[in-house]
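All chains, please: the whole structure from these sequences, using the hints.
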Amino acid sequence: MSDAAVLRPELRDPIGRRRLGWAIAAGVLLWPLLRLSEFHPATLFDPANLHVMASFVAGFLPPSTEHEFLGFLLTATLQTLAMATAGMALAFLVALPLAVAATRSLSIAAVGPARGRWRGQGVRQVVRLVMVLLRSVPEVVWALMFARALGLGPAAGVLALAITYGGMLAKVYAEILESADARPARALLAAGSGRLGALCFGLLPLAAQELVSYTVYRWECAVRAAVVMGFVGAGGLGQLLDQSLKMLSGGEVSSIALVFLALVFLADAISLALRKVLA
Amino acid sequence: MKARLRRVAGVACVVAVLVAVAASFAYLAVDFRGLFTAEGLHAMLRFVVEFFPPDVSPAFVRQAGVAMLQTLAVSVLGTLVAMAAGALLALPAAGRLGATAKWGARFALNFLRSMPELVWAALMVLAAGLGPFAGTLALALHTTGVLGRLFAESLENAAPAPEVALRELGAGPVARFVYGTLPQVAPQCVGYTLYRWEMNIRMATIMGVVGAGGLGQMLYFHVSLFQQAQVATVLAAMIVLVVASDVASGRARRAIGAESH
Amino acid sequence: MTLHLEQVGVVHGNGRRALAGVDLAVATGERVALIGPSGAGKTTLLRVAAASLRPAEGRVAVLDAQPWSLGARALKALRARVGVVHQAPPIPPRLRVVTAVLAGRLGQWSLARALRSWVAPADAPGARDALARVGLAERLFERCDQLSGGQLQRVAVARTLYQQPRLLLADEPVSALDAATADTVLRELVGYSVAAGATFVASLHAVDLALRWFPRIVGVRDGRVLFDLPAVDVTPERLAALYAGEESAPAEPPVATVHGATLPLASA
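Protein chains in written order, with our numbering: chain A, 490 to 768; chain B, 9 to 269; chain C, 4 to 271.
Careful: at least some of the hints might be erroneous.
To be verified - Counterexamples of contact, computed for chain A against chain C with all Cβ distances above 10 angstroms:
{"id": "1", "residue": "G510"}
{"id": "2", "residue": "I513"}
{"id": "3", "residue": "S682"}
{"id": "4", "residue": "G740"}
Claimed, not checked - Label-pair ranges, simulated between beta-carbon atoms:
{"id": "5", "chain 1": "C", "residue 1": "G153", "chain 2": "A", "residue 2": "R672", "range": "40 to 46 angstroms"}
{"id": "6", "chain 1": "C", "residue 1": "H15", "chain 2": "A", "residue 2": "I513", "range": "50 to 56 angstroms"}
{"id": "7", "chain 1": "A", "residue 1": "R672", "chain 2": "B", "residue 2": "A37", "range": "45 to 51 angstroms"}
{"id": "8", "chain 1": "B", "residue 1": "A263", "chain 2": "C", "residue 2": "A80", "range": "37 to 43 angstroms"}
{"id": "9", "chain 1": "A", "residue 1": "P586", "chain 2": "C", "residue 2": "G153", "range": "55 to 61 angstroms"}
{"id": "10", "chain 1": "C", "residue 1": "A125", "chain 2": "B", "residue 2": "V64", "range": "54 to 60 angstroms"}
{"id": "11", "chain 1": "B", "residue 1": "A256", "chain 2": "C", "residue 2": "D181", "range": "42 to 48 angstroms"}
{"id": "12", "chain 1": "A", "residue 1": "W520", "chain 2": "B", "residue 2": "A37", "range": "53 to 59 angstroms"}
{"id": "13", "chain 1": "A", "residue 1": "E557", "chain 2": "B", "residue 2": "A109", "range": "41 to 47 angstroms"}
{"id": "14", "chain 1": "B", "residue 1": "V56", "chain 2": "A", "residue 2": "Y706", "range": "30 to 36 angstroms"}
{"id": "15", "chain 1": "A", "residue 1": "V619", "chain 2": "B", "residue 2": "V22", "range": "25 to 31 angstroms"}
As the list claims (entries may be wrong) - Residues from chain B that face chain A, not an exhaustive set, calculated with beta carbons under 10 angstroms:
{"id": "16", "residue": "A17"}
{"id": "17", "residue": "A51"}
{"id": "18", "residue": "L80"}
{"id": "19", "residue": "E125"}
{"id": "20", "residue": "A135"}
{"id": "21", "residue": "A136"}
{"id": "22", "residue": "G139"}
{"id": "23", "residue": "V217"}
{"id": "24", "residue": "G224"}
{"id": "25", "residue": "L227"}
{"id": "26", "residue": "V231"}
{"id": "27", "residue": "S232"}
{"id": "28", "residue": "L243"}
To be clear, the hints were calculated from the coordinates, so they are not data collected in a lab. Owing to the predicted nature of the structure, the values given are computational and were not obtained by experimental measurement. Note that the Cβ used here is the ideal one computed from N, Cα and C, for glycine as well.
Next up, the structure:
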């Protein structure tokens, strides 16, 4: 056990140099980053800005309870909820066929000799690419464009949700379907059943719980996204908030913020309850 | 008996969901049929065609490139600040500085992450003026809430034995934390930060829509003027940015798996 | 008197009594082994000695100081002179071996030095010397999660050697090691104790190792000291009384080297 026979090991830290390199690179990059993003903490304390912010924040209390405004608030809340629900429903309809097309578990070619094996593979890749594209563009961008094309209002938000969340749901559905046990489905396919039959009786029963769970979780996110899309003209709480902010009415902003927080909390609770029951 | 009850509850839920969906469509009174008439489709087709060809004039491409770098800078800076602030808040939130501090820190973190980034951006535009700085602040505020909570959870799950042993040999509280707990949580926390950065790139592009600079601001500008060719270029830049950052973040996360102290 | 426990009693949070009326006085430079059945209170005794557990009854003096009436700073300085080797190495897996070993002197380093060393190891040669004594010198810059359990335990021992304590406490330090390695590690610990004049108190599961390396044996059972004798006076009858009723008495196979005293297993 004595180390007399062991060669003297190198005492220099092998990753010391690499760490120094990274540290220097980070330092060098920091300056352009700060410049590009116009990092001026001093502007926060600029007297004009401070004055505006101060009076705005002072208006937060008490939250506005004006009768007319509360009416707007209620409509906007319902609009937001409806937008999220309708958008998710459409997204579900978009996602399911995409996911089924993309999953290998339903590949007939994998079960036995079949024509169009490469065609099946090609279709799957194309579908995957479409899903990636749908996901890369943020939903707000879609909402912005739809709002211009179709006019302001919740329709833009619903479509935007349908597209982006459809892509997201499709990807996760495909993953869930692929990770589920494929043998029952394969057995059904081998026995000559069509893909739809194999899906309904072979894959769905196993994957249903996970699918539902993720869908409900996404609905919760959709509620928040619906608020955000309102900023670009898709109606609902977001649009109301945008208007109140532009008018610097602190009381209205705090009312809306409170309602929003309550809405998020409610959606969270509903989501939890639904997941427990449907599990 | 119980299984029956559950099944009834399940069916009831499904029915409720379907009713909610139908009610939503009805409430919105969205006339999607308008989309599918001949002129509706024609209008949509025209809308789509105007995107091609996208504006690839050198001057505009350079402008889009600068905006892309600006958006990237906002996302990186905002995420870095959030990592530091989140780490600072995570310590009390994990209970290391007493019960009141824990409650206060958790409340602050929850508040920060409940407000969507876009709302923060609109608020920050008020506080700091138009431009990317507002975006950086907004991202930093929201992401601090998200990362702070994740960091706090990691801290609470870390094994206490290493710190206890270091206390026995006389190490002070900071040294104990750095040598005992930090090595346990660091890789996971850096992973969270990188994953969050991926999402923040998307957020940074959108925040420009409310005036926080970068690609978002460019997009809003050209969409408002119905300049589809330019919009197409900006959209392409957005997609390139998002995809490239996804790849980079994925690689970085794998590399962190091999890093060590 | 390096270590002095007087009528020490400890009751755990759940009401279970761990130690009762324990008297132990260890002089500077002495080597003492604690043996006894599992659950006898050996670990609790060592924790009291390390000033990390405050006894409900009795008095404790460690290195001529009363640890529980010291200020925070003095207590910290006291702890820096007490080294503890645990049964399971308390080392985060992603730490590198060199940093893990250097952590031994955290009680003696300023915060600035500690932080600097974390980024770039300040005393790699010192760490390597400590590792060489346990036979792991070549693993200096590897990560701890690339080592086996036994090797990690040796790193923990190296850390304590690097600390250079005046009082060395070890709680079953070699239980996870094979017989040959266990012997080597104990030899290094004993060697350190002799060279530095440090007091060494260890609890051991293997009675033959205790008898071989420690001139004084303390038998602990049910939270009390059953006997406190020089090693030569420890007879098989005393051992049987100590381990009576234990289903598996020290199950180390008799080591066929050096003293090789085979011990009768406790009667079922």
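Each hint, compared with the structure:
1. G510 of chain A, annotated as away from the interface, keeps every beta carbon of chain C farther than 10 angstroms; the closest lies near 13 angstroms.
2. At roughly 14 angstroms from the closest C-beta of chain C, the C-beta of I513 of chain A stays outside 10 angstroms, upholding its exclusion from the interface.
3. Here S682 of chain A stays apart from chain C, with its beta-carbon at least about 49 angstroms from theirs, past the 10 angstroms limit.
4. At roughly 49 angstroms from the closest C-beta of chain C, the C-beta of G740 of chain A stays outside 10 angstroms, upholding its exclusion from the interface.
5. The given range of 40 to 46 angstroms is respected by G153 of chain C and R672 of chain A, whose C-beta atoms sit roughly 43 angstroms from each other.
6. Taken as a hint, the range 50 to 56 angstroms holds for the pair H15 of chain C and I513 of chain A, whose Cβ atoms sit roughly 53 angstroms apart.
7. Roughly 47 angstroms separates the CB atoms of R672 of chain A and A37 of chain B, a value that falls within the hinted 45 to 51 angstroms.
8. Hint check: A263 of chain B to A80 of chain C, Cβ distance near 41 angstroms, so the stated range 37 to 43 angstroms holds.
9. Range check, P586 of chain A to G153 of chain C: Cβ separation about 57 angstroms, and the 55 to 61 angstroms hint holds.
10. In this structure the supplied range 54 to 60 angstroms holds for A125 of chain C paired with V64 of chain B, their Cβ-Cβ distance being about 56 angstroms.
11. Hint check: A256 of chain B to D181 of chain C, Cβ distance near 47 angstroms, so the stated range 42 to 48 angstroms holds.
12. Hint check: W520 of chain A to A37 of chain B, Cβ distance near 54 angstroms, so the stated range 53 to 59 angstroms holds.
13. Between E557 of chain A and A109 of chain B the C-beta distance comes to about 43 angstroms, which sits within the given range of 41 to 47 angstroms.
14. The given range of 30 to 36 angstroms is respected by V56 of chain B and Y706 of chain A, whose C-beta atoms sit roughly 32 angstroms from each other.
15. Taking 25 to 31 angstroms as the suggested C-beta distance range, the pair V619 of chain A and V22 of chain B conforms, at roughly 29 angstroms.
16. Restraint check, A17 of chain B versus chain A: the minimum CB separation of about 5 angstroms is within 10 angstroms; hint holds.
17. At about 8 angstroms, the closest approach between the beta carbon of A51 of chain B and any beta carbon in chain A falls short of 10 angstroms, and the interface hint on this residue holds.
18. Because the smallest distance between the Cβ of L80 of chain B and any Cβ of chain A comes to about 8 angstroms, under 10 angstroms, the interface hint for this residue holds.
19. A hinted interface residue such as E125 of chain B counts as satisfied when its beta carbon comes closer than 10 angstroms to some beta carbon of chain A; here the least separation is about 8 angstroms, so the hint holds.
20. Against a cut-off of 10 angstroms between C-beta atoms, the interface hint on A135 of chain B holds, since the closest Cβ of chain A lies about 5 angstroms away.
21. A hinted interface residue such as A136 of chain B counts as satisfied when its beta carbon comes closer than 10 angstroms to some beta carbon of chain A; here the least separation is about 5 angstroms, so the hint holds.
22. Of the supplied interface hints, the one on G139 of chain B holds, with its beta-carbon coming within about 5 angstroms of a beta-carbon of chain A, less than 10 angstroms.
23. With its C-beta approaching chain A no nearer than about 6 angstroms, V217 of chain B sits inside the 10 angstroms limit, and its interface hint holds.
24. Look at G224 of chain B: its Cβ gets to within about 8 angstroms of chain A, closer than 10 angstroms, so that hint holds up.
25. For L227 of chain B, the suggested interface contact is upheld, since its CB lies about 7 angstroms from the closest CB of chain A, less than 10 angstroms.
26. Against a cut-off of 10 angstroms between C-beta atoms, the interface hint on V231 of chain B holds, since the closest Cβ of chain A lies about 6 angstroms away.
27. Interface hint at S232 of chain B: satisfied, since its Cβ lies 8 angstroms from the closest Cβ of chain A, which is below the 10 angstroms cut-off.
28. Because the smallest distance between the Cβ of L243 of chain B and any Cβ of chain A comes to about 7 angstroms, under 10 angstroms, the interface hint for this residue holds.
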